[in-house]
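Going by the working numbering, the residue at position 268 of the sequence shown is 268; the numbering climbs one at a time, nothing skipped.
It should be emphasised that the hints constitute simulated quantities derived from the structure, not laboratory data. Glycine included, C-beta positions come from ideal geometry on N, C-alpha and C. Careful, some of the hints might be misleading.
Unchecked claim - Using 16 angstroms as the maximum straight-line C-alpha spacing, the simulated EDC-like pairs for lysine to aspartate or glutamate come out as follows: (1) LYS139 to GLU189; (2) LYS155 to ASP279; (3) LYS155 to ASP327.
To be verified - With beta-carbon atoms standing in for the labels, derived distance ranges: (4) PRO241 to VAL79: 52 to 62 angstroms; (5) ASP293 to THR68: 29 to 39 angstroms; (6) ARG285 to ILE80: 28 to 38 angstroms; (7) THR321 to ILE80: 29 to 39 angstroms; (8) GLY37 to ARG92: 17 to 27 angstroms; (9) LEU91 to VAL290: 53 to 63 angstroms.
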Amino acid sequence: MIAGALVLDVATPGGISVFPLLAAAPSVAAPLLSLRGTIATGVAATLVGSEVLYLAREPTQESFVALTSLVLLTVTAAVINVLLTRDRRQLRTSREVAAAVQRAVLPDPPPRVGRLAVASRYEVAHEEAAIGGDLFAVKETPYGVRLLLADVRGKGLEAIRTVNALLGSFHEACVHRPDLPGVVRQLEERMQDLIGQATGEEGESFATAVVAEFPPGNSVVRVANRGHAAPLLVHDGGVSPLEPGVPSLPLGLGALGGDDVPVDRFELPAGATLVLFTDGIDEARDANGVFFDPVPVLARRFPPDPDAVLDALLTAVVRHTGGTLQDDAALLAVTPDGGSVTAAGRRRDVVTNPGRGR
Numbered sequence: 001m002i003a004g005a006l007v008l009d010v011a012t013p014g015g016i017s018v019f020p021l022l023a024a025a026p027s028v029a030a031p032l033l034s035l036r037g038t039i040a041t042g043v044a045a046t047l048v049g050s051e052v053l054y055l056a057r058e059p060t061q062e063s064f065v066a067l068t069s070l071v072l073l074t075v076t077a078a079v080i081n082v083l084l085t086r087d088r089r090q091l092r093t094s095r096e097v098a099a100a101v102q103r104a105v106l107p108d109p110p111p112r113v114g115r116l117a118v119a120s121r122y123e124v125a126h127e128e129a130a131i132g133g134d135l136f137a138v139k140e141t142p143y144g145v146r147l148l149l150a151d152v153r154g155k156g157l158e159a160i161r162t163v164n165a166l167l168g169s170f171h172e173a174c175v176h177r178p179d180l181p182g183v184v185r186q187l188e189e190r191m192q193d194l195i196g197q198a199t200g201e202e203g204e205s206f207a208t209a210v211v212a213e214f215p216p217g218n219s220v221v222r223v224a225n226r227g228h229a230a231p232l233l234v235h236d237g238g239v240s241p242l243e244p245g246v247p248s249l250p251l252g253l254g255a256l257g258g259d260d261v262p263v264d265r266f267e268l269p270a271g272a273t274l275v276l277f278t279d280g281i282d283e284a285r286d287a288n289g290v291f292f293d294p295v296p297v298l299a300r301r302f303p304p305d306p307d308a309v310l311d312a313l314l315t316a317v318v319r320h321t322g323g324t325l326q327d328d329a330a331l332l333a334v335t336p337d338g339g340s341v342t343a344a345g346r347r348r349d350v351v352t353n354p355g356r357g358r
């Protein structure tokens, strides 16, 4: 702007006032530069304004008022810069605290649980300093390895209370419930208790979720999907969404859909990787508002390594959005040892009786 004012003054001597351009320079510098840079910009604009007045054949009173305004604008811009820097520092501290709380409540699972190689990611959108409601957990039990990935409605302390409650309920149910429908019903009961005790918006909470089980000694996975995006089975250059045979409502809304807990059973090919994610991935948008589709990204050959699969997926979604996610995203990928070479994602049976395990 300062350079443009100089060029304009030379090109149109005495014809156009360049002081509006000079006045804008420190104001624009305040949110973009450091305090030193903001003051330097204001001083440079004032010096150029003084030079313009010196070269003018007939300086007017209005010109001297404009020069004084430049000095005042520089002081104002410096004050704004200090305030913005303080607010940014406070926001950065709040984000660091939120991230620390998130890590404490949602620690990364170990790289190996039972016969599963495990990888997880939690990507924060950083649009605000609120703690998100995405969660995941993996637990080895006498009934096999069970995992949970869910997305609680909302953010902040209300969401983290629900996250903490669901994680505790999942770990308890994994030990005491011999069948997958029993685990889901206990999560539903816990969610209903939270809603019953809540007031205001907390009373309208719910959580989409996928609860899966890898039975010992079997090359299958049992999946109970509660209104969540279908997990993806990545194998041999192909991707198979594990869609539920019977749609179910999210946790917290189960009373509206009856007591049955549909559980789908899928064959697991050798070397296949199961990928679960929250809506921060499949609802990520590019500059034109186009949603991200993870299927084409994963439709290529990967080693039996869940970390490699998640790295490729995150790289693609960040590229799609231009580097910034619009919402927090939790991802979980597991690769079982062994397994039989069968058609990926083929459904074998559906369990709807909540009192009967398979």
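Of the numbered hints stated previously, which ones are contradicted by the structure, given in increasing order? Failing hints, ascending: 1, 5, 9.
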